[in-house]
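Each residue of the sequence shown is one higher than the one before, starting from 1 at the first, in this note's numbering.
Derived by calculation from the structure, the hints in this document are not laboratory data. Quick caveat: nothing in here was measured; it's all calculated off a predicted structure. All residues carry an ideal CB built from backbone N, CA and C; glycine is no exception. Worth double-checking, as some hints may not be accurate.
Keeping only pairs whose Cα atoms sit at most 27 Å apart, straight-line, the calculated DSS-like set for lysine-lysine is [said to hold, decoys possible]:
(1) Lys96 - Lys39
(2) Lys65 - Lys245
(3) Lys64 - Lys245
(4) Lys225 - Lys96
(5) Lys225 - Lys39
Quick list of simulated restraints, FRET-style, between CB atoms [as the list claims (entries may be wrong)]:
(6) Ile4 - Trp197: 17 to 27 Å
(7) Ser125 - Phe101: 25 to 35 Å
(8) Leu209 - Phe101: 15 to 25 Å
(9) Gly81 - Tyr3: 17 to 27 Å
(10) Ser115 - Met201: 22 to 32 Å
(11) Pro29 - Ser125: 34 to 44 Å
(12) Val59 - Lys225: 41 to 51 Å
(13) Leu205 - Lys64: 18 to 28 Å
(14) Trp197 - Pro97: 12 to 22 Å
(15) Leu241 - Ser115: 32 to 42 Å
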Amino acid sequence: MFYIAPPLFLIIAFVFSMLGMGGSQLYIPILFWLGMDFKTQAIPLGMLLNVVNSSTAAVTYARKKLINWQVAIPFGITMVGMAPVGTWLNVQLPVKPLLAFFALFTAAAAVLMLSGWKPKRGELSPRGRVILGLLAGSVLGLTAGLIGRGGGSFVVPLLYIAGLNAQEAAATSALVVTGSGLSSFLSHIATAAEPQWGIWMACVLAVFLGSQAGSRVMATRLQPKSVKLVFGIVLLGVAALIIMKDVILA
1 MFYIAPPLFL IIAFVFSMLG MGGSQLYIPI LFWLGMDFKT QAIPLGMLLN VVNSSTAAVT
61 YARKKLINWQ VAIPFGITMV GMAPVGTWLN VQLPVKPLLA FFALFTAAAA VLMLSGWKPK
121 RGELSPRGRV ILGLLAGSVL GLTAGLIGRG GGSFVVPLLY IAGLNAQEAA ATSALVVTGS
181 GLSSFLSHIA TAAEPQWGIW MACVLAVFLG SQAGSRVMAT RLQPKSVKLV FGIVLLGVAA
241 LIIMKDVILA
């Protein structure tokens, strides 16, 4: 059954790299459904693929000068730093209501993008960009640790609502998600991973190729209106997946 994974992941990486999202919310359940052990194989490989996808896309976006570094750097640092706090709080706070809230937040952002609405704001000042990165990174890092996610599906709509355009939000998110995903992957690989190197390498190669293609298409060929359309459709799907898998069926 594992031969299905590489071509499927190539398609997922192609789409998610255009959105600045790693794709772990799909990689991990698919690997589990195909028969991998959830803790020792599906999660570590899923997080590795998440890092490969987002980092490959981030390199392309950096070359095209689409990343807002003044937001991305403080966002990434605080997100990685606050994730362990969220993990600690995981055992003390109810997670389902938080997941439901962020699913609705993601769905609302998707609807706003599909409707063509754009936040009314002036250009963020350098100080405003740093403050946005620090505050948003702290909140989403805490949340990512709390619910065990890389946070890409929340980073993108938040940056868009904060005033970044669709392409800039996706590109900046790709860099942020790389940091949070790498932190999560290293923690899993150090404790509970049992790699099956053949399938791991095949999946990594597929995600790398998909991410290269998707990020280049987004950076050079897609118009902002098209980016928002893809954004909206995929984020609605992600919101529905969170509600079904983590709220209703959990």
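How the hints compare with the structure:
no.: 1; hint: Lys96 - Lys39; result: holds (20 Å)
no.: 2; hint: Lys65 - Lys245; result: violated (37 Å)
no.: 3; hint: Lys64 - Lys245; result: violated (36 Å)
no.: 4; hint: Lys225 - Lys96; result: violated (34 Å)
no.: 5; hint: Lys225 - Lys39; result: violated (39 Å)
no.: 6; hint: Ile4 - Trp197: 17 to 27 Å; result: holds (18 Å)
no.: 7; hint: Ser125 - Phe101: 25 to 35 Å; result: holds (30 Å)
no.: 8; hint: Leu209 - Phe101: 15 to 25 Å; result: violated (36 Å)
no.: 9; hint: Gly81 - Tyr3: 17 to 27 Å; result: violated (40 Å)
no.: 10; hint: Ser115 - Met201: 22 to 32 Å; result: violated (42 Å)
no.: 11; hint: Pro29 - Ser125: 34 to 44 Å; result: holds (41 Å)
no.: 12; hint: Val59 - Lys225: 41 to 51 Å; result: violated (25 Å)
no.: 13; hint: Leu205 - Lys64: 18 to 28 Å; result: holds (23 Å)
no.: 14; hint: Trp197 - Pro97: 12 to 22 Å; result: violated (40 Å)
no.: 15; hint: Leu241 - Ser115: 32 to 42 Å; result: violated (22 Å)
Consistency note: the structure conflicts with the earlier hints numbered 2, 3, 4, 5, 8, 9, 10, 12, 14, 15.
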